[in-house]
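Chain A is already provided as a structure; the job is to place chain B on it using the hints.
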Amino acid sequence: MRLTQGTFSYLPDLTDAQISAQIEYALGKGWALGVEYTDDPHPRNTYWEMWGLPMFDLHDAAGVMQEVTACRAAQPQKYVRINAFDATRGWETVRLSFIVHRPADEPGFRLERTEDRGRTIRYTLHAYATDKPPGRRYG
Amino acid sequence: MGDAAPATPPGSRRIDLRTLYADSEIGPLLAELDNDLVGLEPVKRRIREIAAFLLVTRAREQLGLSSGAPTLHMAFTGNPGTGKTTVALRMAGILHRLGFIRKGHLVSVTRDDLVGQYIGHTAPKTKEILKRAMGGVLFIDEAYYLHRPENEKDYGQEAIEILLQVMENQRDDLTVILAGYRDRMDRFFESNPGFRSRIAHHVHFPDFADAELLSIVEKLALQAEYRLSEEARVALRDYIVQRRLQPNFANARSIRNAFDRSRLRQAMRLVEIGAEISADDLVMIEAADIRGSSVFANSLPKSSP
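Residue numbers (my numbering), protein chains in the order written: chain A, 1 to 139; chain B, 1001 to 1305.
Extracted from the complex, chain A is given alone in its bound form:
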């Protein structure tokens, strides 16, 4: 099952040229770009591993693409995403976040039902990948 998270998640995977264009857009807005990766695809997992520090003071997408390429090469079987952080007062948050790399095989999620008091059913998602310990997920 294809993971859909962040901006553009229902589009086909972006090509490098398209990723560059998005980075250019973010840089044009003055946002700081960061590259992150994880092997825990749960939608509530907001804390991905940082690939280096967020990049401030960049003018061109080539610098970010360099990090994306390096991160993909080092973590080929993990999810990699780009975050664009807006430091403007009042925003101070991530304005744009999208996946730029995913593992070859994505087993997807299982729906878990827990019966609660009064026969209420509580639902949660469980990623099949996380059954294995970190580092051994996704082959």
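Everything labelled a hint here was simulated from the structure, so no lab data went into it. It is possible that some hints are incorrect.
[Claimed, not checked] With a cut-off of at most 27 Å between alpha-carbon atoms, the simulated DSSO-like pairs for lysine-lysine come out as follows:
| # | chain 1 | residue 1 | chain 2 | residue 2 |
| --- | --- | --- | --- | --- |
| 1 | B | 1125 | B | 1153 |
| 2 | B | 1219 | B | 1044 |
| 3 | B | 1127 | A | 29 |
| 4 | B | 1127 | B | 1103 |
| 5 | B | 1103 | B | 1125 |
| 6 | B | 1153 | B | 1127 |
| 7 | B | 1103 | B | 1044 |
| 8 | A | 29 | B | 1125 |
| 9 | B | 1103 | A | 29 |
[What the hints assert, rightly or not] If you anchor each label on the Cβ, the simulated ranges turn out as follows:
| # | chain 1 | residue 1 | chain 2 | residue 2 | range |
| --- | --- | --- | --- | --- | --- |
| 10 | A | 44 | B | 1070 | 49 to 55 Å |
| 11 | B | 1121 | A | 88 | 28 to 34 Å |
| 12 | B | 1118 | A | 94 | 32 to 38 Å |
| 13 | B | 1220 | A | 90 | 39 to 45 Å |
| 14 | A | 139 | B | 1123 | 29 to 35 Å |
| 15 | B | 1121 | A | 44 | 33 to 39 Å |
| 16 | A | 9 | B | 1182 | 52 to 58 Å |
| 17 | B | 1241 | A | 89 | 51 to 57 Å |
| 18 | A | 88 | B | 1196 | 43 to 49 Å |
| 19 | B | 1182 | A | 105 | 57 to 63 Å |
Virtual Cβ for every residue (Gly too), placed ideally from N, Cα, C.
Then chain B, alone, in the frame of chain A:
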């Protein structure tokens, strides 16, 4: 910049260099360069050559002739204060308008910004700077400090290797300009042949002549809305001759500093008068403001008033 249609042989297709020239806005830029920078004839000629070459490369591209990205890395050599940084800034503008770099900004660094203090510190530091310079020009001042032949464990070598790699593989992403004194740069290139071969343009900045330094001050004065009196001009001419004989003469930089100090002396003189003054008094720099310099104190009495 589409590919040429395969139907027409490349020899028969035509392109108007003049329209290309007009489109690139390079004309005004070069005119500006001629107007704003005094002297530096060999440098200007070289820049015009580079600009023409870039224009032709672009025309070739449009006609579908092979034109692999030209190597644009440059080395600027010359004594201090001969305008290397100023020209580098202009260069970023020229390359940008010709479309060879995407952003046209200049990142100016020295050894401290590239080389780390301990093992494993250099590579991230250098890469960080390179990332920042992507799409623009990386200007490395006094580049020869990167290489310390007396210490083979020096981390400078690591920075050099990363630089060389990026200069080779990401030629279209950034342009590197190295700057420094001529003799030391020559020695630097001798011990790092990789650098020499990756740099296409070696540009030497000659020292300024006395008359050129004088017109630099006049330009500075004009910009700052000051005027030099006739006597002040004579005094300045004497000053330049004297200053050149002293150690640490840094061409235009020394002269600019001298001009700034003469503004201080002018202010002091006006305050000491203390009476009503006119706008003319406020703009006029007199000979006394220049002759007050310590440069004259050590020189022969004949030139003092």
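Structure versus earlier hints - violations, ascending order | Those not satisfied: there are none.
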